[in-house]
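There are 2 protein chains.
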Amino acid sequence: MAVINIGILGLGTVGSGVMNIFQENRERIREYTGVDIQTKKVLVRNMSKPRDTFFENGTLTADPQEVLNDPEIDIIVELMGGIEPAFSYVLQAIENGKHIVTANKALIATHYEELFKTASQNGVEIRFEGSVGGGIPVIDTITARLAGNRIDEIVGIINGTTNYILTRMSKDGMGFEEALKLAQDKGFAEADPTSDLNGQDVSFKLAILAAISFGIGIEQKDIPYEGITKIAEDEISYAMESGYTVKLLATARKREDKLEIYVHPTLIPNHHPLAAVSNEFNALFIRGNAVGELMLYGKGAGSLPTGSAVVGDILDIVKLKRKSAKTGSRPIANKEDLRIIGEDTGSYYIRLQVIDEPGVLGAITTVLGKNGISIASVSQQALGQKDVPVIFVTHKVKREKLDKGLEELRELKDIVKEVACILRVEGY
Amino acid sequence: MAVINIGILGLGTVGSGVMNIFQENRERIREYTGVDIQTKKVLVRNMSKPRDTFFENGTLTADPQEVLNDPEIDIIVELMGGIEPAFSYVLQAIENGKHIVTANKALIATHYEELFKTASQNGVEIRFEGSVGGGIPVIDTITARLAGNRIDEIVGIINGTTNYILTRMSKDGMGFEEALKLAQDKGFAEADPTSDLNGQDVSFKLAILAAISFGIGIEQKDIPYEGITKIAEDEISYAMESGYTVKLLATARKREDKLEIYVHPTLIPNHHPLAAVSNEFNALFIRGNAVGELMLYGKGAGSLPTGSAVVGDILDIVKLKRKSAKTGSRPIANKEDLRIIGEDTGSYYIRLQVIDEPGVLGAITTVLGKNGISIASVSQQALGQKDVPVIFVTHKVKREKLDKGLEELRELKDIVKEVACILRVEGY
Numbered sequence: 020m021a022v023i024n025i026g027i028l029g030l031g032t033v034g035s036g037v038m039n040i041f042q043e044n045r046e047r048i049r050e051y052t053g054v055d056i057q058t059k060k061v062l063v064r065n066m067s068k069p070r071d072t073f074f075e076n077g078t079l080t081a082d083p084q085e086v087l088n089d090p091e092i093d094i095i096v097e098l099m100g101g102i103e104p105a106f107s108y109v110l111q112a113i114e115n116g117k118h119i120v121t122a123n124k125a126l127i128a129t130h131y132e133e134l135f136k137t138a139s140q141n142g143v144e145i146r147f148e149g150s151v152g153g154g155i156p157v158i159d160t161i162t163a164r165l166a167g168n169r170i171d172e173i174v175g176i177i178n179g180t181t182n183y184i185l186t187r188m189s190k191d192g193m194g195f196e197e198a199l200k201l202a203q204d205k206g207f208a209e210a211d212p213t214s215d216l217n218g219q220d221v222s223f224k225l226a227i228l229a230a231i232s233f234g235i236g237i238e239q240k241d242i243p244y245e246g247i248t249k250i251a252e253d254e255i256s257y258a259m260e261s262g263y264t265v266k267l268l269a270t271a272r273k274r275e276d277k278l279e280i281y282v283h284p285t286l287i288p289n290h291h292p293l294a295a296v297s298n299e300f301n302a303l304f305i306r307g308n309a310v311g312e313l314m315l316y317g318k319g320a321g322s323l324p325t326g327s328a329v330v331g332d333i334l335d336i337v338k339l340k341r342k343s344a345k346t347g348s349r350p351i352a353n354k355e356d357l358r359i360i361g362e363d364t365g366s367y368y369i370r371l372q373v374i375d376e377p378g379v380l381g382a383i384t385t386v387l388g389k390n391g392i393s394i395a396s397v398s399q400q401a402l403g404q405k406d407v408p409v410i411f412v413t414h415k416v417k418r419e420k421l422d423k424g425l426e427e428l429r430e431l432k433d434i435v436k437e438v439a440c441i442l443r444v445e446g447y
Numbered sequence: 020m021a022v023i024n025i026g027i028l029g030l031g032t033v034g035s036g037v038m039n040i041f042q043e044n045r046e047r048i049r050e051y052t053g054v055d056i057q058t059k060k061v062l063v064r065n066m067s068k069p070r071d072t073f074f075e076n077g078t079l080t081a082d083p084q085e086v087l088n089d090p091e092i093d094i095i096v097e098l099m100g101g102i103e104p105a106f107s108y109v110l111q112a113i114e115n116g117k118h119i120v121t122a123n124k125a126l127i128a129t130h131y132e133e134l135f136k137t138a139s140q141n142g143v144e145i146r147f148e149g150s151v152g153g154g155i156p157v158i159d160t161i162t163a164r165l166a167g168n169r170i171d172e173i174v175g176i177i178n179g180t181t182n183y184i185l186t187r188m189s190k191d192g193m194g195f196e197e198a199l200k201l202a203q204d205k206g207f208a209e210a211d212p213t214s215d216l217n218g219q220d221v222s223f224k225l226a227i228l229a230a231i232s233f234g235i236g237i238e239q240k241d242i243p244y245e246g247i248t249k250i251a252e253d254e255i256s257y258a259m260e261s262g263y264t265v266k267l268l269a270t271a272r273k274r275e276d277k278l279e280i281y282v283h284p285t286l287i288p289n290h291h292p293l294a295a296v297s298n299e300f301n302a303l304f305i306r307g308n309a310v311g312e313l314m315l316y317g318k319g320a321g322s323l324p325t326g327s328a329v330v331g332d333i334l335d336i337v338k339l340k341r342k343s344a345k346t347g348s349r350p351i352a353n354k355e356d357l358r359i360i361g362e363d364t365g366s367y368y369i370r371l372q373v374i375d376e377p378g379v380l381g382a383i384t385t386v387l388g389k390n391g392i393s394i395a396s397v398s399q400q401a402l403g404q405k406d407v408p409v410i411f412v413t414h415k416v417k418r419e420k421l422d423k424g425l426e427e428l429r430e431l432k433d434i435v436k437e438v439a440c441i442l443r444v445e446g447y
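One line per chain: the protein sequences are A and B, in this order. To convert, count from 1 in the first sequence and add 19; that's our numbering. To convert, count from 1 in the second sequence and add 19; that's our numbering.
Keep in mind that the hints are not guaranteed to be accurate.
[Stated by the list, open to error] Residues on chain B that point at chain A, a partial pick, calculated with CB under 8 Å: (1) I23; (2) R64; (3) L165; (4) M193; (5) F195; (6) K240; (7) P284; (8) A295; (9) N298; (10) L323; (11) D335; (12) D363; (13) F411.
[Said to hold, decoys possible] The following residues of chain B were derived to be distant from chain A, with all beta-carbon distances above 10 Å: (14) I155; (15) T160; (16) S327; (17) E376.
[Claimed, not checked] Which bits of chain B does chain A cover? Going by a derived footprint, with three or more residues having C-beta under 8 Å, they are: (18) 74–83; (19) 89–99; (20) 305–317.
Quick caveat, the hints were computed from the structure, so don't treat them as lab data. Even for Gly, the Cβ is constructed at its ideal location relative to N, Cα and C.
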């Protein structure tokens, strides 16, 4: 099997996630790409730190030049964060003819034009899906999937820390400080959360989204931003009373020849899909002139979600280099490996139409009990009509067991007029 | 500029959408791909039907062989629908070395394995983003973006007709028949809606999603499906009283070596993101072992949304053929063309902290009025404390005008202690 070598700069949260994904899904990735992707060199700050992943001797290095100048490395994966030295390393790698995958929002937002110009001159790809929205495919959707659209508006919740805090304030009545502390305890806020809370983190991400959506060079410093630090109970109460939800939104909207762009805490109506984006989740709402309204929702940060985006970018470049077909079946399993079983078990809502007489409910529950169908709740409305509904909800039960019980109920023709409706009940 | 020729089979709803998108966004697409994409041949049933789009003489044809055998055509776009003759045409095109883009769910669901085997033997691509979820990039996300993930579960609302009907029943208290009639009037349901209402349409789409998510050959006939025709007021009332929403869900879920797969109307808790998917919108919820939970939301049908997916597929193949870099700026406009204006106008929520004295509200509204800031609502809570909040919401106003007004308020130091919080209010 052919080999493609990658070099990784930085083995922090996202870097470890990438290594985990390659380890966990190695077979799947081999079959998908048709090549063996090997991690040839990894730049780390501390050579002696204990690691979860096993690396062969000589893979880890503290010398960036060992990674950047290795002629056998095809793709450099930059996961250091920050602008320097990441920018210098990436430029050097591009000039050495290496493709780039990065999750570094500050780098892309700050040096967008120079990076892409240099990449174009050197015939290499730069992918940066992980730089905005973690595992959510926002970059590829805008740049490739919607390439035939004129984008008119993007509105996003693209900071998990602030969304988690606002959710706790709204749903649990916490104050700002209390919610921040909880976010820190849960790992959703950093020890120094300043750039998350004041909106600056969002402004970097918005600069990237605006650049790819509207094809203009826009710098983070051109984007006015306002964070959530001034939001108090009054705002949360007002929102709840008025049918709104408070969200920190990144907005870029075309108005004729103008681009409105800003980061601002906003009251949005509860019926809007963004209002339902809770906790640490992110979402991007996109309006295109062909696709209409589109929303992408998921985990906007974290080792594995962002790692998923980075791995997706690496595999895309591998596919491109190999010129192999991109679509088609995911060769994960053969028919033999996964047994298709249709509907298995579930909790069910059942509505029977029955005659309104004493003893009916007893007769029904007897049949269900005999068939091992355990009932979580039952309600009967006697309205003095000929047929009345009996609604019951089962505990988890095999579908075939349920069907057998319902078949027996249908045979009680004197009292059960109809098994009128069956719904699944999912707790999620 | 280099030319890539496409041939289109079928000029119905989606075909017309594709032509509109190419026309409307021609410049953007040229700059993005670096080539001129020309529609060389279009197969139509009726040559003399009047068309919105202008076609050069000889473009329209009623003879499929003119399209399939044209040696200058690189990509065949199949938008006829149905299994035959679409399947024969597509197979012939593949054997002629042409790439395929299709939005035909029945074709892909029924002949998945044979199509991809033949395509692989002939070194061509098959793309089918438009076959499930209209403009929502579900296929590319699963096959490419999440290629590094093991997919564990997919749950989707992938039929707009039934979702529209269920929404009207839930939100407007309509009965099934009334909601169906409204859906037909609005163009969300076909004259014969049988395969939408009974769940069969969803089962075709689910067969495709399961094939790409789990890498197994699965046929529509193996998927048990149940539609929404039995749902009555009782179910809607029960759902509303119990904190649930009724949705028609397509589900495929891995349980060890088994795949549960079915289409079933389901009660889902209101807090789940799928519960907020209303009207004709579709959404797909995906759980991967790296990305975690991901949801994609948008218009699942229609001329332009589905056309957007088809055009995305065409451009992807063009990029692949040209081996040109896929990412980077969308060269839509230069800095000169779009003037970045930060925040422009908006409706705002303002909380002031003021002293609790008579005449305060009058002084504040006078300043606002003088600055042309029109107030939509105001509320003051006098709690006998030193500082009390005054909350007002403005009508649409320029941000700079608002800021000037707020500046003057800050100067009323005797009564205004603080401009404590400013939120935008978006109606959407």
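Consistency of the hints with the structure:
| no. | hint | in the structure |
| --- | --- | --- |
| 1 | I23 | violated (14 Å) |
| 2 | R64 | violated (25 Å) |
| 3 | L165 | holds (7 Å) |
| 4 | M193 | violated (17 Å) |
| 5 | F195 | violated (11 Å) |
| 6 | K240 | violated (11 Å) |
| 7 | P284 | holds (5 Å) |
| 8 | A295 | holds (4 Å) |
| 9 | N298 | violated (11 Å) |
| 10 | L323 | holds (4 Å) |
| 11 | D335 | holds (6 Å) |
| 12 | D363 | holds (5 Å) |
| 13 | F411 | violated (11 Å) |
| 14 | I155 | violated (6 Å) |
| 15 | T160 | violated (5 Å) |
| 16 | S327 | violated (4 Å) |
| 17 | E376 | holds (19 Å) |
| 18 | 74–83 | violated (count 0) |
| 19 | 89–99 | violated (count 0) |
| 20 | 305–317 | holds (count 11) |
Violated hints for the displayed structure, listed by number in ascending order: 1, 2, 4, 5, 6, 9, 13, 14, 15, 16, 18 and 19.
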